[in-house]
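Asks: Once you've looked at the hints, dock chain B against the given chain A.
Chains as they are written, first to last, in this note's numbering: chain A, 21 to 478; chain B, 4 to 263.
Calculated directly from the structure, the hints in this document are not laboratory data.
Built from N, CA and C at the ideal position, the CB exists for glycine as well.
A few of these clues could be false.
Said to hold, decoys possible - If we take Cβ atoms under 10 Å as the criterion, some of the chain A residues that face chain B in the derived model are:
id: 1; residue: Ala72
id: 2; residue: Gly73
id: 3; residue: Gln76
id: 4; residue: Pro94
id: 5; residue: Thr101
id: 6; residue: Phe103
id: 7; residue: Leu108
id: 8; residue: His111
id: 9; residue: Lys125
id: 10; residue: Ala165
id: 11; residue: Arg168
id: 12; residue: Ala169
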Amino acid sequence: MSEHIIEVQHLSKSFGNKKVLEDISFYIKKGEFITFLGPSGCGKTTLLRMIAGFLQPDEGTILMDGKDIAALPPHKRELNTVFQRYALFPHLDVYENIAFGLKLKGVPEKEIDQRVRKVLKLVAMSDYEDRDIETLSGGQQQRIAIARAIVNQPKILLLDEPLAALDLKMRKDMQIELKEMHRKLGITFIYVTHDQEEALTLSDTIVVMNEGRIQQIGTPTDIYNEPVNCFVADFIGESNILKGQMIRDRRVAFIKHEFDCVDEGFGEDVPVDVVVRPEDIYFTTDPAKCQFKAKVSSCIFKGVHYEMWVDTDSGFELMIQDYDPYPVGSEVMLYIDPDDIQVMKKERTANVFDGVVKSAEAVTIFGEDFPLATDLEPGTEVRVEVPFTGIDLMDNLDDGVVDGEVHFILYMGNHYHLQVRTEKGESVWVDTNDIWDKGDLVGIVIKPGTAKITPKNE
Amino acid sequence: MSRLISKRSNWSLPYAIFLIFFVALPLVLVAMYAFQDADGRFSLEGFGKFFHDPDALKTFAVSLEVAIETTLLCILIGYPAAWILASKKYNRSAVTIILFIMPMWVNALMRTLATAQLFMMLDVPLGKGTLLFGMVYDFLPFMIYPIYNVLSKMDKSYAEAAQDLGASPATVFRKVTLPLSMPGVWSGILMVFMPTVSTFAISEFLTNNKFKLFGTIIQDNINNGMWNYGAVLSLIMLVIIGITTLLSKDKGASAEEGLI
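Chain A extracted, bound-state conformation (with noise of 0.2 Å):
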């Protein structure tokens, strides 16, 4: 118990009538770093600010050694901040800044004397103490932010993008000097990134957050290795995400070919999401070795290896990493290791909406009505079931019934997978040959004959 400095226990917060946190739960070991990662709106910041005690969880606990801090305000929690952009005080000097904390403490002047100078050491900002915060740079201010928040010895330092602010350059430097600096403190840093190589490079785990929602945790090298879902293999890295159906324990099928895998416990014939990543294809000339061919359609140098995208002979796009170029147009034999096959759950299979029967052509579901066929009667509460191949996008959205947003996409080898938000926040899933923009608006039809449509309460 002791071991976790922090826990959180079914943490939920709303603004307004938008849920950003859903029942949060996780624990923080002593002494570990740890990285909230996500896209911007996951509400990874939120759970940073309830921990540091700017905002109050509507539902659920934070306990810290143990000891639930909700009645704690921000001054009294044994946690220090550095803030995204860096809040350093603009009418105090570097050194006024720094002791700002350990003043209020009432912590004897010879000391904060000291422990101030021996910050500005860690931060290799000696020979700063004078010196106007304005007169800083962006690098220098991030590392004066860093000493304010250390300087007062906390149990917990937690860093809310203490690096997005910085040039790619500097950022790398930075990285490497925090990784430094949480093993010479050995306090436990809490950071926020959306960043997922910062992410990678720095933590020891990783929580990968959408949506409001913890997607997976792990340390760095599982949650790149073995994503859990689409979104977390999406987001970490280069990914080929593919539909894939699961034969047997260790045999899987995909791209229209079978492959030895190391997966075990999906049951027979049952569809799940395939993770490749590009630098886990590779080439042969073998034919004994080759599981499958492919044509190289492009062909990138990236400076370490070159990104080459193939067409397979079964017709999918695959994307692959190596550091020999293959030629545009060669035909290549290429393999997988079973290792490097990571078999996903499918999340869904297809689209279930809350519906109710208007007539004999109509059902009300999202509060517009859909031209449905259905032998129901008017009033009857309904649950809409629609393949992700049932639903048709429209670019004028007078032609839909309802209108959306294109919120996420993948790529799935030979279409894509996409996420369509309508104004009131439901998904709707759509596969489609269609290429759409993040932030598209669009008009979302249902195709007749693709719903099934069952009564609710059966």
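Replies: This is chain B only, laid out in the frame that chain A set:
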């Protein structure tokens, strides 16, 4: 003609003429009159008269006192008001801000007359109390607005950072919010102190001329044809205002940017 219009620097010509005739020239005239006697000869007689006239000196002191008191009262009342207006927790609508600023839409003279009527109706004796009331009532918006402006634009992460470092809400205010809002306060001081030190209408209506302010004696002198002495007094007031402006100039710079 078209060459004259197309040259950008020529556009400033009307403004330059305006400045010369309505700002610079009157100032020069005031200065000239101040250093002349009634016969138009150079003389420091007016200044001598002022510094040896206990009545004038007393009025001058009273004016300064009233202006300082008004400014202090405006800060005491205006700062908390601005703070509440700028806080999203207590004030969610822009309407309240407009309500506070609205008195500025009505002519100060009319408001003062109305206030005087109100006091008479309520049988409140006119004196220093009513004078201060009228002054604060008239100039409070000029204090609230610049402070509100600075507070509402202040990045709230400063307060959060202070809290995070162990400051209680009261300490956050004392050590961070207040010092960071000082430019607004300086701006407000300037905008309240300058007009209060020179006003005469408010004291005329709200004290029935029982209370003579510096502005009042300038007006009296000018009205009675004592142009030279009036000019001396005006010049002295200008110097006072000039000093206040200089004192708070750099301190209030950032707050004035957003002033309507």
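Asks: For each hint, tell me whether it holds in the structure or not.
Replies: Cross-check of the supplied hints:
Contact between Ala72 (chain A) and chain B, as hinted, is supported at the beta carbon level, the nearest pair being about 6 Å apart and thus within 10 Å. Using the Cβ-Cβ criterion of 10 Å, the hint placing Gly73 (chain A) at the interface with chain B is satisfied: the shortest such distance is roughly 8 Å. For Gln76 (chain A), the shortest C-beta to C-beta distance to chain B is roughly 13 Å, which exceeds 10 Å, and the interface hint is violated. Below 10 Å, beta-carbon pairs count as interface contacts, and Pro94 (chain A) has one with chain B at about 5 Å; its hint therefore holds.
Against a cut-off of 10 Å between C-beta atoms, the interface hint on Thr101 (chain A) holds, since the closest Cβ of chain B lies about 5 Å away. Interface restraint check for Phe103 (chain A): the shortest CB-CB distance to chain B comes to about 5 Å, inside 10 Å, so the restraint holds. About 8 Å separates the beta-carbon of Leu108 (chain A) from the nearest beta-carbon of chain B, less than 10 Å, and the hint is met. With a cut of 10 Å, the hint placing His111 (chain A) at the interface with chain B holds, because the nearest CB-to-CB distance is about 5 Å.
Nearest Cβ of chain B to the Cβ of Lys125 (chain A): about 6 Å, under the 10 Å cut. The hint holds. About 9 Å separates the beta-carbon of Ala165 (chain A) from the nearest beta-carbon of chain B, less than 10 Å, and the hint is met. The beta carbon of Arg168 (chain A) is positioned within 10 Å of a beta carbon in chain B (closest approach about 7 Å), and the interface hint is therefore held. Using the Cβ-Cβ criterion of 10 Å, the hint placing Ala169 (chain A) at the interface with chain B is satisfied: the shortest such distance is roughly 8 Å.
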